[in-house]
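**Q** What follows is the residue order along each chain.
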Amino acid sequence: MSSTVLIVGTRKGCFVLESDADRRNWKMRGPFCNGWPIFNAVHDSESGAIYAAGASEWHGTGIWRSSDLGENWELSSEGLTYGDNGMKISKVHGLAAAHGRLLAGAEAAGLFESRDGGKTWALLSTLDGQPNRELWNDPANQPPGHLGMSAILPHPDDALRYWVIIQGHSIFETTDDGATWTPRNKGLRADWPLENPEVGYCVHKLVLAPSDHQRMYQQNHCGMHRSDDQGQSWVEISEGLPSDFGFAAAVHPHDKDTFYVIPLDPGHGRVMPEGHAAVWRTRDAGSTWQRLDRGLPERDAHLGVLREGMAIDDYDVPGLYFGTSTGQVFASNDEGESWSEIADYLPAISSVDVAVLA
Amino acid sequence: MAELHLPTTLQPLFQELPRKLDIEAATVAEAIERLNEQWPGLRDRLCEPGPALRPHINVYVDRERAQLDTALEARSRVDVIAAISGG
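Top line first, the protein sequences correspond to chains A and B.
Each residue of the first sequence is one higher than the one before, starting from 0 at the first, in numbering that gives the first Met the number 0.
Each residue of the second sequence is one higher than the one before, starting from 0 at the first, in numbering that gives the first Met the number 0.
Heads up, some of the hints might be wrong.
Claimed, not checked - Pairwise CB distance ranges, derived in the manner of DEER restraints: (1) S1/A x R64/B: 55 to 65 angstroms; (2) G40/B x G99/A: 18 to 28 angstroms; (3) R64/B x G144/A: 24 to 34 angstroms; (4) G40/B x D254/A: 37 to 47 angstroms; (5) N35/B x D115/A: 14 to 24 angstroms; (6) A82/B x G82/A: 19 to 29 angstroms.
Read the hints as simulated data drawn from the structure, not as lab findings.
Note that CB positions come from ideal geometry on N, CA and C, so glycine has one too.
Same shape as in the complex, but just chain A (with noise of 0.2 angstroms):
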């Protein structure tokens, strides 16, 4: 029977939540990575580890790993650096496997790869050249969080394909290897004045559609985006929502029509709407969309969710699972219909990951 394993990255470490292929009963494990700061925490299908970017305010950024989920961790930084003289990495955000290899996107913004189980690290971009690159490594210009390259999305079959996000300027599309460099933000709406229209806009989480490869969805600071053309323009699919705003999301492993999104209020708080938590779906692409809070807290939950706190299995019936500011996880086994919390009292969480294994 397979096993469900969840990776809960919080800012007091790293947790591991198993069950069945049922996913009603939970086991937690945890803290790990020494209670680092954890900014994401992936599984990689593959090789069967866990990765997880951490940033210790004492001893720096680092790349902890797993390859017994989560019984033993080793952190390496080597490589991990811009050399003496260049910029200073203040974390790592964006973390990818595919293709045999790590790719991890940090801050001040670029591009690692390791290519030996993040034992070592080698800088692959720092995209030079592109439009309003000069403002990136100001504070100034940098959106709350600073997370430089908050994202990484391989190509499913195409190593050298994929898509970065630098948090609050742009999805840049690669297709040798981050050697050349195309934004990809057309039909995007940015609401402030853009000098250049080609990039300026604040892109929050980017999925692609296991079952068709043209179709991705964005949730973007303004609006909910869905693209036919595997992200060469965009639409927006906002209307129906409470919110335009929020970070996390997810599409659905065997249907590219069905896209979970949780709506935030937009102002300082980010938390969702009027206390009562919901997970939004559309079965049609974004046309119409239905409020999913069967099982969530119905009054004075402030529940705000970043943008690695969604994650969604690839059983025929998927679950659903989703990790909060105030330390909840909620999990559903029916596509989201009902849900269950699954863990409470956890530090912050950043990152929810999930992997099924035989």
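With chain A held as given, fit chain B onto it using these hints.
**A** For chain B alone, coordinates are given in the frame of chain A:
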């Protein structure tokens, strides 16, 4: 030999790293380099590019605030402190 005292936050990261050890080095930087030879990666936990001490790592040599280029005497006491921070 300088007497080096390390913060507790380092021990879980490096196998059999003691809290206190004697080290032959002419400067703070050289002492950290000796540690890094025995426990690879340790320099990155104390220093950032520049190189410089990380902002929340303080080093004292014989109770005086020190930097990487501070000289060590034969019987110097070197305290590496993880500053009070976080929450």
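**Q** Starting from the range 37 to 47 angstroms, see whether the pair G40/B and D254/A falls in it by beta-carbon distance.
**A** Once the Cβ atoms are compared, 45 angstroms apart, the range 37 to 47 angstroms for D254/A and G40/B holds.
**Q** Is 24 to 34 angstroms right for how far apart the beta carbons of R64/B and G144/A are?
**A** Holds, since R64/B and G144/A (Cβ atoms, about 32 angstroms apart) stay within the stated range.
**Q** State, for the Cβ atoms of A82/B and G82/A, whether the hinted interval 19 to 29 angstroms holds or is violated.
**A** holds, 26 angstroms
**Q** Per the hint of 55 to 65 angstroms, is the separation of the Cβ atoms of S1/A and R64/B within bounds?
**A** holds, 57 angstroms
**Q** Please check whether N35/B and D115/A have a Cβ separation lying inside 14 to 24 angstroms.
**A** holds, 20 angstroms
**Q** That 18 to 28 angstroms hint for G40/B and G99/A (C-beta), does it hold up?
**A** At 24 angstroms between Cβs, range holds.
Violated hints for the displayed structure: none, as all numbered hints are satisfied.
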